[in-house]
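Visitor: In order, the protein sequences belong to chains A and B.
Its first residue numbered 0, the first sequence is counted upward by one per residue in numbering that gives the first Met the number 0.
Its first residue numbered 0, the second sequence is counted upward by one per residue in numbering that gives the first Met the number 0.
Calculated directly from the structure, the hints in this document are not laboratory data.
As the structure is a computational prediction, the values presented were derived from the model and not from experiment.
Honestly, I wouldn't trust all of these hints.
Restricting the straight-line Cα-Cα distance to at most 27 Å, the calculated cross-link-like pairs of lysine-lysine (BS3-like) are [claimed, not checked]:
| hint | chain 1 | residue 1 | chain 2 | residue 2 |
| --- | --- | --- | --- | --- |
| 1 | A | K242 | B | K30 |
| 2 | B | K473 | A | K77 |
| 3 | B | K77 | B | K103 |
| 4 | A | K77 | A | K175 |
| 5 | A | K165 | A | K198 |
| 6 | A | K175 | A | K165 |
| 7 | A | K77 | B | K77 |
| 8 | A | K135 | A | K175 |
| 9 | A | K135 | A | K165 |
| 10 | B | K389 | A | K198 |
If you want the building blocks of each chain, they are given just below.
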Amino acid sequence: MLFQSGTLLMNQEKVKTPIQVGLFVTCLADLMRPQVAFAAVTLLERAGCRVRVPRQQSCCGQPALNSGDRAATMDIAKNVIQAFDSDDYVVVPSGSCADTLINKYPTLFRHDVQWARRAENLANNTWELTRFLTDKLGFSLDDVSYPGVCTYHDSCSGLRELGIQKQPRTLLSGVKGLTLSEIQDSNVCCGFGGLFSIKYPDISGRIVSDKCGQITQTDADTVLGGDLGCLLNIAGRLCREGKNIKVFHIAEVLAGMADGPAIGEAERES
Amino acid sequence: MSASAASQQVIFRERTRQALDDVSLQRALAKARGGFVDHRRDAVDALPEFDAIRDAARDIKDHVLSNLDGYLELYEQKVIENGGQVHWARDAAEACRIVAGICKDAGARTVTKGKSMVSEEMHLNPVLEAAGMTVIETDLGEYIVQLAGETPSHIIAPAVHKTREQITDLFHQHHSPLGYTDRVTHREALVNEARSVLRERFVTADVGITGANFLVAETGANVIVTNEGNGDLTSCLPRVHIVTAGIEKVIPSLDDLSVLLRVLARSATGQEFSAYTSLYSGPRRDDDMEGPEAYHVVLLDNGRSRLLGGQYQPMLRCIRCGACLNHCPVYGAIGGHAYGWVYSGPMGSVLTPLLNGFDQALDLPNACTLNGRCKEVCPVRIPLSDLLLKHRLEQHDRRLTSVSGRFLLSAWAWLVRRPRLYQGIMALPLWFMHRLGRRRGVLSRLPLAGGWTDSRDFPAPARRSFLRQWHTRKARS
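Work out the full structure, taking the sequences as your base and the hints as a guide.
Guide: Structure, rendered in structure tokens:
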């Protein structure tokens with residue numbers, strides 16, 4: 000950048016160039032909970048990013064991959080790679096979808112030299128939201144509050160494939176009024192597993208009811224997490240049990256957007 | 000989908016449903032789950048170099064698998080030098096024939112068995128019983144399972160699915176005729192009763208059959224680890240000792256053994272070391288006080304050599320510790336029997352189709368959330384969840400998945416690759432579901448995915464998708 004402009008900016012005042020970010024919305028946030036994506040945009044902009052949302056995006060292809068359809072996944076992946084080719088960074092408000100872009104795409108294309116390079120490039124530029132905010136930008140919250148006792152559910156792909164555990168907790172420690180009450184085994188799967196929960200609903204239902212049992216054993220009034228799939232699963236079960244516990248994506252709380260209906264809550268009459 | 004695949008699916012779902020509805024099983028599973036996990040965590044936390052030892056353990060196993068033929072021949076040579084015999088079995092049936100033959104030649108009437116998952120894989124007991132022999136399992140868990148007429152539901156804790164009340168009933172029923180008329184209910188009393196019944200069996204057995212945790216090539220020793228000492232009584236007291244083991248159990252040296260033992264017990268039960276670690280090198284020598292007169296090792300392939308050099312080879316690193324079962328949410332929900340074969344949990348879901356055929360056990364690689372905890376805890380770093388995903392790719396490539404499933408997937412993938420069309424088409428069901436769920440915030444029935452809402456509600460979607468909202472706003476501004 001310095002040489003492109005032809006001047007050396009060493010002694011001049013630092014010119015703040017916004018960091019250019021492409022937002023990979025994820026299909027669940029897009030369809031089920033748009034507020035998660037709006038919250039992600041808000042957070043990224045507050046952290047000094049210029050956010051682009053390509054229209055040519057939908058799903059990362061994980062349902063196809065997890066169903067064993069390599070060819071369909073590669074076709075979908077090519078779309079995603081093309082849509083975000085020009086972005087400096089790609090940020091994803093989901094550990095699971097980020098893992099697909101970061102770890103799965105390069106493996107899928109390893110025998111295709113041209114696409115392998117582009118997939119690697121995308122993988123290198125892609126970040127899960129909380130990790131990007133903390134590890135990359137060193138972002139700290141300013142005047143955001145959430146009055147409540149929250150528990151954080153570590154989603155599996157983010158935790159085990161991307162090492163996301165401290166980052167969300169670091170960010171939450173900056174939210175005024177919020178106390179974190181960890182559940183036993185916050186790192187154990189909630190039983191969602193994408194299509195697993197549809198193909199094997201009985202097993203999935205048992206796992207999520209165990210998870211909710213642990214949640215209700217704490218004093219938490221809110222469950223937070225970084226993956227909407229898990230949160231829909233947990234919220235659905237808590238609602239079925241008639242439990243008065245709110246469920247939000249972490250981005251909603253961090254962006255100060257958690258004053259409306261939680262996941263699975265009815266819209267308030269206006 | 001072939002008829003057999005469809006019926007497999009029905010059978011698997013029926014078994015899981017039964018397991019989930021079985022109150023005793025659920026109670027037993029809940030109790031076992033926490034114990035194993037906590038003990039392992041404590042043991043691992045107490046050993047800072049645990050991960051480095053895991054790497055070393057993985058490397059040892061990889062090295063062996065790359066040179067398996069050489070180490071197996073060396074092992075055989077050492078066993079022969081020690082006065083024993085090695086028998087090679089291509090499959091389970093051949094292995095059963097060999098074992099039954101040795102037992103018949105020895106004139107065996109009573110056979111005691113230490114815990115051996117390979118003998119379960121061979122389905123050995125019915126073969127010996129059909130030949131007129133009495134077979135007694137001597138591992139407490141295996142003994143309980145044998146009395147119940149069942150199979151092990153866990154590779155290191157065969158009766159983990161049983162509650163103490165069920166064991167009390169079983170013992171009372173089977174031991175009363177032997178003179179144990181008191182109905183004992185306490186843990187220690189139950190163990191003592193089993194111990195005294197089994198003592199009698201150990202002394203009268205003609206042949207003892209054990210498995211092997213490791214086979215040491217440089218000495219020809221087979222190694223078993225137990226907490227009950229039953230393996231030693233099974234090996235040493237009868238006239239003939241037979242070891243049944245998979246060919247992947249061989250390791251080069253005693254140094255390698257010490258590395259592997261350091262991860263085995265910690266991963267399995269959270270112990271630093273199991274109560275008994277025994278090495279057997281052959282029959283009784285002239286100046287030995289005790290030991291068997293004859294020593295046989297039956298090495299089973301049963302599909303293992305097919306995996307060498309392929310993408311599933313890492314599965315042969317498995318040391319059968321059971322950590323992946325203990326940490327698997329699916330295993331924790333349904334227990335081992337629902338998997339339908341000898342090995343269960345993540346390692347069983349990877350291994351079963353590899354040993355029995357890809358068209359078998361189609362559900363197992365799919366009945367997994369891919370949460371990766373199995374991979375995280377594996378002492379020899381087998382990428383279990385990645386291998387399960389490979390199985391799914393294999394099933395798709397071999398067209399073992401259902402035609403309707405493939406069609407739906409293709410149609411969806413076609414649509415997903417056309418984002419604007421996708422956004423347009425998704426708008427209608429989205430709006431419809433939003434309307435249905437608006438009042439409560441959730442849907443209590445879900446069209447096309449009814450099972451989901453049997454146990455939970457489905458949060459209602461937004462009225463309009465993010466992308467449509469975002470780009471409408473952008474167009475206006």
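Visitor: Each hint should be assessed against the structure and marked as holding or not.
Guide: Checked hints:
1. A:K242 to B:K30: 25 Å, holds
2. B:K473 to A:K77: The given pair, whose Cα atoms are some 26 Å apart, holds under the 27 Å limit.
3. B:K77 to B:K103: 26 Å, holds
4. A:K77 to A:K175: Distance ~42 Å between K77 (chain A) and K175 (chain A) Cα, so the pair is violated.
5. A:K165 to A:K198: 33 Å, violated
6. A:K175 to A:K165: At roughly 18 Å apart (the allowed maximum being 27 Å), K165 (chain A) and K175 (chain A) satisfy the hint.
7. A:K77 to B:K77: Measuring from Cα to Cα gives roughly 56 Å; hence the hint is violated.
8. A:K135 to A:K175: 23 Å, holds
9. A:K135 to A:K165: Cα-Cα ~14 Å, so holds.
10. B:K389 to A:K198: 18 Å, holds
Comparing the model with each numbered hint stated earlier shows that hints 4, 5, 7 do not hold.
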